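Chemist: Sequence:
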Amino acid sequence: MGLKSIFVSAGEPSGDRYAAALVRRLQAEYPEARFAGCAGEAMRVAGVEPVVRAEELAVVGLVEVLQHIPRIWARFRRLLAWIEQERPDLVILTDSPDFHLRLARRIRRLKVPIVYFVAPQVWAWRPWRVGLLREYVDLLLCIFPFEESFFRVRGVRAVYIGHPLTSLVRVESSRADFFGRHELDSQLPLVAILPGSRPDEAKRHLSLTAEAARWVAGHRPCQFVFAAPNREAAQLWR
1 MGLKSIFVSA GEPSGDRYAA ALVRRLQAEY PEARFAGCAG EAMRVAGVEP
51 VVRAEELAVV GLVEVLQHIP RIWARFRRLL AWIEQERPDL VILTDSPDFH
101 LRLARRIRRL KVPIVYFVAP QVWAWRPWRV GLLREYVDLL LCIFPFEESF
151 FRVRGVRAVY IGHPLTSLVR VESSRADFFG RHELDSQLPL VAILPGSRPD
201 EAKRHLSLTA EAARWVAGHR PCQFVFAAPN REAAQLWR
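Per this note's numbering, the sequence shown starts with residue 1, numbered consecutively.
Derived by calculation from the structure, the hints in this document are not laboratory data. Treat the hints loosely; a few may be bogus.
FRET-style restraints, in silico, Cβ to Cβ [to be verified]: (1) Arg25 to Pro145: 15 to 25 Å; (2) Arg25 to Gly155: 26 to 36 Å; (3) Gly155 to Arg220: 30 to 40 Å; (4) Arg25 to Pro127: 24 to 34 Å; (5) Leu206 to Leu3: 34 to 44 Å; (6) Leu206 to Gly180: 25 to 35 Å.
Keep in mind that this is a model prediction, so the values were computed, not measured. Idealized CB from N, CA, C, for every residue including glycine.
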């Protein structure tokens, strides 16, 4: 199948990185294809035209979603309008099921093949979403081994492709090099704080996380490092 136009969408940083890696694989197979969609920084670097920037959709929790409904709805309509006008050969929706399953339902009538990348964890909660996947998605790409059979017996065409982190995360330096580069004490335990990639969530948990870090430091000498998805998040934690 010759693909000339591919719509790719990711709603938050983790999905953005996964989708960017997938785009690069597809570019090798279809070098003439045009990629466009809801793109974060990683996808834009990979060559995806941003119909909408993924950073505009990175909200979590009921309060945050309610506050941003007008903006989210406007971006949703922009993406839908682009798909209706351009009629891409393939649609790839990455994670963010609350947003993407709604989008899949709206574009199903266009008869465009829909691939869902990173299966929603319906085996853990909200199992009724299996019906939505079965109805609106042509192919589900699973990142955990057990998911393929779980979805297949429920009527969803699913394929296990492995977890993207296995190719995205690489150990590029030794422990000694890491400690030296970040001016850490090799004699002290190192505690990693992982606040996540969603700005509103990180801000809401900031004081509680800091309090927990102080408690740990008060009970045992140690040092901390923070994992930040971008410079904005790094500045917040400083």
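Chemist: Take a look at whether the Cβ-Cβ distance between Arg25 and Pro127 falls inside 24 to 34 Å.
Modeler: holds, 31 Å
Chemist: Determine whether the Cβ-Cβ distance between Arg25 and Pro145 falls within the hinted range of 15 to 25 Å.
Modeler: holds, 20 Å
Chemist: That 34 to 44 Å hint for Leu206 and Leu3 (C-beta), does it hold up?
Modeler: holds, 43 Å
Chemist: With 25 to 35 Å as the target window, see if Leu206 and Gly180 comply at their CB atoms.
Modeler: holds, 29 Å
Chemist: Holds or violated: 30 to 40 Å for the Cβ distance of Gly155 and Arg220?
Modeler: Once the Cβ atoms are compared, 52 Å apart, the range 30 to 40 Å for Arg220 and Gly155 is violated.
Chemist: Holds or violated: the 26 to 36 Å window for the beta-carbon distance between Arg25 and Gly155?
Modeler: holds, 28 Å
Of the numbered hints given earlier, the model fails hint 3 alone.
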